[in-house]
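Peer 1: Numbering (this note's numbering), first residue to last: 14 to 572.
Derived by calculation from the structure, the hints in this document are not laboratory data. Even for Gly, the Cβ is constructed at its ideal location relative to N, Cα and C. Heads up, a few of these hints could be off.
The calculated EDC-like cross-link candidates involving lysine to aspartate or glutamate, where the alpha carbons are at most 20 angstroms apart (straight line), are [claimed, not checked]:
hint, residue 1, residue 2
1, Lys-167, Asp-321
2, Lys-516, Asp-505
3, Lys-176, Asp-491
4, Lys-322, Asp-388
5, Lys-180, Glu-288
6, Lys-426, Asp-388
7, Lys-394, Glu-414
8, Lys-520, Glu-444
9, Lys-44, Glu-444
10, Lys-44, Glu-530
11, Lys-520, Glu-161
12, Lys-180, Asp-275
13, Lys-176, Glu-288
14, Lys-426, Asp-505
15, Lys-190, Asp-321
16, Lys-426, Glu-444
17, Lys-267, Asp-371
18, Lys-322, Asp-371
19, Lys-44, Asp-491
20, Lys-167, Asp-339
21, Lys-516, Asp-388
22, Lys-167, Asp-280
23, Lys-520, Asp-371
24, Lys-322, Glu-300
25, Lys-167, Glu-414
Label pairs and their calculated CB-CB ranges [what the hints assert, rightly or not]:
hint, residue 1, residue 2, range
26, Gly-65, Ala-543, 35 to 41 angstroms
27, Gln-119, Pro-140, 55 to 61 angstroms
28, Pro-142, Gln-449, 36 to 42 angstroms
29, Thr-528, Trp-117, 22 to 28 angstroms
30, Trp-279, Asp-170, 24 to 30 angstroms
31, Thr-528, Ile-572, 16 to 22 angstroms
32, Val-538, Pro-408, 27 to 33 angstroms
33, Phe-514, His-141, 18 to 24 angstroms
34, Gln-119, Thr-528, 14 to 20 angstroms
35, Gly-65, Gln-119, 47 to 53 angstroms
36, Pro-102, Gly-65, 24 to 30 angstroms
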Amino acid sequence: MPFADAVHAGLASVMCSYNRANNSHACQNSKLLNGLLKGELGFQGFVVSDWGAQQSGMASALAGLDVAMPSSILWGANLTLGVNNGTVPESQVDNMVTRILATWYQLNQDQDTEAPGHGLAANLWDPHPVVDARNASSKPTLWDGAVEGHVLVKNTDNALPFKSNMKLVSLFGYSHKAPDKNTPEPAQAMFSPWSVGVQSANITELNTGFLGNLSLTYSAIAPNGTLISGGGSGANGWSSFSSPFDAFVTRARKDGTALFWDFESWDPSVNPTSEACIVAGNAWASEGWDRPATYDAYTDELINNVADKCANTIVVLHNAGTRLVDGFFSHPNVTAIIYAHLPGQDSGDALVSLLYGDENPSGRLPYTVARNETDYGHLLKPDLTLAPNQFQHFPQSDFSEGVFIDYRHFDAKNITPRFEFGFGLSYTTFEYADLQVSNSQAHTQDYPAGTLTEGGRSDLWDVVATVTANVSNTGSIDGKEVAQLYVGIPGDGPVRQLRGFTKPAIKAGETATVTYELTRRDLSVWDVSAQEWQLQQGDYAIFVGRSSRDLPLQGTLSI
């Protein structure tokens with residue numbers, strides 16, 4: 014579904030991956046590229062390979078690959094030869110070129126711009142003029158992303174927000190401070206430890222892991238400093254950023270608060286007069302390898318060791334994905350838990366503004382947090398459908414779970430999670446009321462009959478129904494609420510599925526009306542026999558609320 018949304022929005026290019034689908038390399042899989050992407054979804058842009066993912070010459074051209082990166086020894090003169098000897102139709106090459114040029118014009122690359130290669134030499138290792146790519150207009154977006162990416166999931170007895178007159182605050186944990194180095198040496202400029210999101214791995218091993226096929230074991234955490242972006246070739250570098258420690262120092266000086274810290278000890282000494290102890294850990298992740306676990310014992314024990322000595326322990330986790338918390342969640346002195354995720358350059362300032370109530374938490378979890386790893390079942394790791402000693406470097410997954418992933422898996426198995434999908438707390442309260450469901454005049458025959466457009470048949474995007482509800486801020490401070498719409502489709506599918514969300518800013522004491530439009534595609538299921546999306550006749554359950562398991566409003570849509 015998300016792929017169809019992207020294509021419908023006018024997506025310019027799609028990257029094919031390293032893995033195989035049905036044992037055919039993704040970059041030479043005609044069913045995926047020609048059949049589904051360019052055929053069923055009507056994709057008009059070009060397909061580019063992930064770096065080095067092209068595995069064949071003529072076969073990949075025929076299968077729908079348009080651009081091979083970073084270059085291709087398999088094409089070039091070979092592609093010309095393939096056309097001349099009839100292996101590849103000339104029309105196929107014309108189609109490849111047309112897609113690339115059409116995208117060039119679609120993105121206005123024919124308009125006046127800086128001279129080609131401005132700022133960078135053809136050889137990236139050569140010196141080049143300094144280019145300042147920062148844009149002041151992006152600051153509000155960066156700030157909002159940092160603040161709203163934090164998700165408050167526990168806040169016992171209103172431990173947060175802090176008071177500004179606190180006398181002593183103590184900081185613990187390796188994810189508070191900035192890395193000790195942000196000046197990559199030329200030989201390491203491409204894959205420096207922090208450009209890939211970790212300083213815990215040896216740089217030689219890290220380079221080998223990216224550029225070769227060596228199998229290595231990596232730490233579950235980045236113990237030498239905080240994380241602000243994901244690891245891998247697309248990781249962000251920064252000219253400056255605010256670490257949590259830097260931001261706490263600034264706030265403490267402003268408020269006259271004494272600040273103690275220990276970022277080295279696993280079982281630190283804690284001043285008994287500390288009014289709050291903030292423990293910051295992380296869960297590192299990158300492209301190129303899998304995370305070893307959904308938690309790590311070192312960080313869990315560090316948190317418990319601090320909580321044993323501090324009655325108001327706040328846990329902050331910089332994480333790229335699901336991170337379990339049951340190793341310390343029930344400790345009576347762990348009063349608050351925040352998933353900070355990867356906040357970007359405003360990391361520390363955003364965290365401190367939330368802790369002190371200058372900003373109101375409004376982030377929501379985009380995943381389900383289980384109580385135990387076993388709750389995820391086989392979703393936790395790929396299905397190995399081959400014997401352990403056969404093709405051990407090529408694990409096979411048959412995707413037998415179907416659409417029952419994340420919250421849909423937990424609903425189907427009747428498993429109670431620690432935190433459900435869409436969950437998050439605020440410093441204010443919201444109430445839901447007045448659910449209204451209305452049908453439109455769109456055709457509701459079983460199968461779509463529209464012409465093929467970008468994203469699929471045109472009538473898949475027809476609005477079939479509209480849902481509205483009122484959300485009231487019943488608390489004493491302004492806040493934002495992520496109001497979520499779920500639909501229960503008739504049949505043996507998931508109990509409910511997310512079909513919309515909106516995030517109004519609502520002042521204290523005021524009410525906002527949220528509106529959702531449900532398209533034919535939102536309500537359809539795939540008919541394997543007909544090979545079409547089917548809109549079934551019957552009653553569709555409609556739910557609106559705070560999360561996938563907190564849905565106070567329920568109604569029915571009849572088709």
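Peer 1: It remains to establish, for every hint, whether it holds in the given structure.
Peer 2: Hints, verified against the model:
Between the alpha carbons of Lys-167 and Asp-321 the distance comes to roughly 18 angstroms, so the proposed pair stays at or under 20 angstroms and holds. Between Lys-516 and Asp-505, the direct Cα distance comes to roughly 31 angstroms. Violation of the 20 angstroms bound is thereby established for this hinted pair. With a CA separation close to 18 angstroms, the supplied pair Lys-176 and Asp-491 stays within the 20 angstroms bound. Distance restraint check for Lys-322 and Asp-388: the Cα-Cα separation of roughly 32 angstroms exceeds the 20 angstroms cut-off, and the hinted pair is therefore not satisfied.
This hinted pair checks out: Lys-180 and Glu-288 have alpha carbons roughly 7 angstroms apart, not beyond 20 angstroms. Using a Cα cut-off of 20 angstroms, the hinted pair Lys-426 and Asp-388 holds, with the two alpha carbons roughly 9 angstroms apart. Of the supplied pair hints, the one linking Lys-394 and Glu-414 holds, its CA atoms being roughly 12 angstroms apart against a limit of 20 angstroms. Note on Lys-520 and Glu-444: the hinted pairing holds, with a Cα-Cα distance of about 13 angstroms set against a maximum of 20 angstroms.
Among the hinted pairs, Lys-44 with Glu-444 is inconsistent with the structure: their alpha-carbon atoms are about 48 angstroms apart, more than 20 angstroms. Pair hint Lys-44 plus Glu-530 does not hold up; C-alpha atoms about 32 angstroms apart against a cutoff of 20 angstroms. A hinted pair counts as satisfied when its Cα atoms are at most 20 angstroms apart, and Lys-520 with Glu-161 qualifies at roughly 17 angstroms. Of the pairs offered as hints, the one joining Lys-180 and Asp-275 holds, with about 18 angstroms between alpha carbons and a cut-off of 20 angstroms not exceeded.
Pair hint Lys-176 plus Glu-288 holds up; C-alpha atoms about 10 angstroms apart against a cutoff of 20 angstroms. For the hint linking Lys-426 to Asp-505, the alpha-carbon distance of about 13 angstroms falls within 20 angstroms, and the restraint holds. Restraint check for Lys-190 and Asp-321: the C-alpha separation of about 23 angstroms exceeds 20 angstroms, so the hint is violated. For the given pair, Lys-426 sits about 29 angstroms from Glu-444 by alpha-carbon distance, which is inconsistent with the 20 angstroms threshold.
Our distance criterion of 20 angstroms between C-alpha atoms is met by Lys-267 and Asp-371, whose separation comes to about 14 angstroms. Taking the CA atoms of Lys-322 and Asp-371, the gap is near 28 angstroms; set against the 20 angstroms cutoff, the hint is violated. Annotation: proposed proximity of Lys-44 to Asp-491 is violated, straight-line Cα distance about 51 angstroms (limit 20 angstroms). For the suggested pair Lys-167 and Asp-339, the alpha carbons sit about 12 angstroms apart, so the restraint of at most 20 angstroms is met.
As the CA atoms of Lys-516 and Asp-388 are separated by approximately 30 angstroms, the hinted pair breaks the 20 angstroms bound. Between Lys-167 and Asp-280, the direct Cα distance comes to roughly 23 angstroms. Violation of the 20 angstroms bound is thereby established for this hinted pair. In summary, the hint linking Lys-520 to Asp-371 is supported, as the alpha carbons are separated by about 15 angstroms, within the 20 angstroms threshold. Between Lys-322 and Glu-300 the alpha-carbon distance is near 38 angstroms, which puts this suggested pair outside the 20 angstroms criterion.
Note on Lys-167 and Glu-414: the hinted pairing is violated, with a Cα-Cα distance of about 31 angstroms set against a maximum of 20 angstroms. Under the hint 35 to 41 angstroms, the C-beta atoms of Gly-65 and Ala-543, about 39 angstroms apart, fit the expected range. For Gln-119 paired with Pro-140, a C-beta distance near 34 angstroms fails the hint of 55 to 61 angstroms. At roughly 59 angstroms, the beta-carbon separation of Pro-142 and Gln-449 lies outside the given 36 to 42 angstroms, and the hint is violated.
Restraint check, Thr-528 to Trp-117: a C-beta distance of roughly 38 angstroms breaks the suggested window 22 to 28 angstroms. Between Trp-279 and Asp-170 the beta carbon distance is about 28 angstroms. The supplied range of 24 to 30 angstroms therefore holds. Restraint check, Thr-528 to Ile-572: a C-beta distance of roughly 20 angstroms satisfies the suggested window 16 to 22 angstroms. At about 29 angstroms, the CB distance of Val-538 to Pro-408 agrees with the hint of 27 to 33 angstroms.
Judged by the Cβ atoms, the range 18 to 24 angstroms given for Phe-514 and His-141 is violated: they are separated by roughly 43 angstroms. One distance hint, 14 to 20 angstroms for the beta-carbon pair Gln-119 and Thr-528, is violated here, with the actual separation near 31 angstroms. In this structure the supplied range 47 to 53 angstroms is violated for Gly-65 paired with Gln-119, their Cβ-Cβ distance being about 27 angstroms. Against the hinted window of 24 to 30 angstroms, the Cβ-Cβ separation of Pro-102 and Gly-65 comes to about 27 angstroms, which satisfies the hint.
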